[in-house]
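Asks: Chain by chain, the residues:
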Amino acid sequence: AQKVTQAQTEISVVEKEDVTLDCVYETRDTTYYLFWYKQPPSGELVFLIRRNSFDEQNEISGRYSWNFQKSTSSFNFTITASQVVDSAVYFCALSEISGAGSYQLTFGKGTKLSVIP
Amino acid sequence: DAGVIQSPRHEVTEMGQEVTLRCKPISGHDYLFWYRQTMMRGLELLIYFNNNVPIDDSGMPEDRFSAKMPNASFSTLKIQPSEPRDSAVYFCASAQGEHRYSNQPQHFGDGTRLSIL
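Residue numbers (my numbering), protein chains in the order written: chain B, 1 to 117; chain E, 1 to 117.
Read the hints as simulated data drawn from the structure, not as lab findings. One or more hints might be untrue.
To be verified - If we take Cβ atoms under 10 Å as the criterion, some of the chain B residues that face chain E in the derived model are:
1) Y33
2) F35
3) Y37
4) S42
5) V46
6) F47
7) S61
8) R63
9) Y64
10) Y103
11) L105
12) G108
What the hints assert, rightly or not - Result set (DSSO-like, lysine-lysine): computed pairs, CA atoms no more than 27 Å apart in a straight line:
13) E:K78 with B:K109
14) E:K24 with B:K38
15) B:K70 with B:K112
16) B:K3 with B:K112
17) B:K3 with B:K38
18) E:K24 with E:K78
What the hints assert, rightly or not - Sample of chain B residues lacking proximity to chain E, with all beta carbon distances greater than 10 Å (derived):
19) V14
20) E15
21) D18
22) V24
23) T27
24) T30
25) P41
26) E44
27) L45
28) D55
29) I60
30) N76
31) T78
32) G110
The C-beta atom is built at its ideal place from N, Cα and C for all residues, glycine as well.
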């Protein structure tokens, strides 16, 4: 069965600090997708990134970067020079590609990030 | 482009009443998902549709829950009769299926916050 673990329940940082959110996953499939979503205090879920299991290249988007390591089953998310607007709950999610072409997302419990001005 | 639209945003009702949640997916998306979010259980997939057909409803908690998708632009999630333990935020999401195993990102609505008294 697939599982996503976000061990950090809550993190607080001071504005402009860098912060890394950890995500460890378990799956028996060799082909899968990993995602990060952001849930700001307003409650909506915002898609941030999708990465498939064959692409271990790190990705950078502005202040956001993602480090995917299959060897450790991790897909960590780093925010550089954090800002107050980054305060949110961040979810890591996994989707296996079953014989039925499954789209089922398994979410971690989320990490609540608070950026203090 | 309009995102996923859910209504109502908030619903407060008494135990035993019927509750209907509504969702309009992004135009052109052929996958639709219903999720429930609670503090205890996090984000759980309840059911998902492909081309208006239910594919997996194994996450639906019990027979009191039902979901329909009469056409490509509308879906409902119904709870009858409602119970206090159904109180949660219910999200609808949609995704575009380019091909069977593409696992395109799911785009979420703003959610319906349901309170059963």
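Asks: Against this structure, judge whether each hint is valid.
Replies: We went through each hint and held it up to the structure:
The restraint placing Y33 (chain B) at the interface with chain E holds, with a minimum CB-CB distance near 4 Å, inside the 10 Å limit. The criterion of a C-beta within 10 Å of any C-beta in chain E is met by F35 (chain B), whose closest approach is roughly 6 Å, and the hint holds. A cut of 10 Å between beta carbons decides the hint on Y37 (chain B): the least distance to chain E is about 8 Å, and the hint holds. A distance limit of 10 Å between C-beta atoms decides the matter here; for S42 (chain B) the minimum to chain E is near 8 Å, and the interface restraint holds.
The interface hint given for V46 (chain B) holds, since its Cβ lies 8 Å from the closest Cβ of chain E, which is under the 10 Å cut-off. Because the beta carbon of F47 (chain B) sits about 5 Å from the nearest beta carbon in chain E, less than 10 Å, this interface hint is met. Contact between S61 (chain B) and chain E, as hinted, is not supported at the beta carbon level, the nearest pair being about 14 Å apart and thus beyond 10 Å. Because the closest C-beta pair between R63 (chain B) and chain E is about 20 Å apart, greater than 10 Å, the hint is violated.
A least Cβ separation of about 15 Å between Y64 (chain B) and chain E goes past the 10 Å threshold, and the interface hint is therefore violated. About 6 Å separates the beta-carbon of Y103 (chain B) from the nearest beta-carbon of chain E, less than 10 Å, and the hint is met. For L105 (chain B), the interface hint holds, since its Cβ comes within 10 Å of a Cβ in chain E; the closest pair sits about 6 Å apart. Taking 10 Å as the C-beta contact cut-off toward chain E, the hint placing G108 (chain B) at the interface holds, the least distance being around 8 Å.
A distance of roughly 26 Å separates the Cα atoms of K78 (chain E) and K109 (chain B); the hinted pair therefore holds under the 27 Å criterion. At roughly 21 Å between alpha-carbon atoms, K24 (chain E) and K38 (chain B) fall within 27 Å of each other, so this suggested pair holds. Between K70 (chain B) and K112 (chain B) the CA atoms are separated by roughly 25 Å; this keeps the pair inside 27 Å, and the hint holds. For the suggested pair K3 (chain B) and K112 (chain B), the alpha carbons sit about 19 Å apart, so the restraint of at most 27 Å is met.
This hinted pair checks out: K3 (chain B) and K38 (chain B) have alpha carbons roughly 19 Å apart, not beyond 27 Å. For a cut-off of 27 Å, the pair hint linking K24 (chain E) to K78 (chain E) stands: about 15 Å separates their Cα positions. Separation of V14 (chain B) from chain E is adequate, the least Cβ-Cβ distance of about 27 Å exceeding the 10 Å criterion. Taking the minimum C-beta to C-beta distance to chain E, about 27 Å, the non-interface status of E15 (chain B) holds against the 10 Å cut.
With 10 Å as the threshold on Cβ separation, the claim that D18 (chain B) sits away from chain E holds: the shortest Cβ distance comes to roughly 25 Å. No beta-carbon of chain E comes within 10 Å of the beta-carbon of V24 (chain B); the shortest separation is about 16 Å. Distance to chain E confirms T27 (chain B) as a non-interface residue, since its nearest Cβ pair spans about 13 Å, more than 10 Å. At roughly 13 Å from the closest C-beta of chain E, the C-beta of T30 (chain B) stays outside 10 Å, upholding its exclusion from the interface.
The beta carbon of P41 (chain B) sits about 13 Å from the closest Cβ of chain E, which is more than 10 Å, so the claim that it is off the interface holds. Its beta-carbon lying about 5 Å from the closest one in chain E, E44 (chain B) breaks the requirement of being farther than 10 Å from that chain. Distance check on L45 (chain B): its Cβ comes as close as 4 Å (rounded) to a Cβ of chain E, failing to clear the 10 Å threshold; non-interface status is violated. Once the 10 Å rule is applied to beta carbons, D55 (chain B) is consistent with being away from chain E; the minimum gap is 13 Å.
Remark: the non-interface label on I60 (chain B) is consistent with the geometry, its nearest Cβ contact in chain E lying 18 Å away (cut-off 10 Å). For N76 (chain B), the requirement that its beta carbon stay farther than 10 Å from each beta carbon of chain E is met, with the minimum near 19 Å. Under the 10 Å C-beta cut-off, the non-interface status given to T78 (chain B) relative to chain E holds; the minimum distance is some 20 Å. The beta carbon of G110 (chain B) is not kept farther than 10 Å from every beta carbon of chain E, the shortest such distance being approximately 7 Å.
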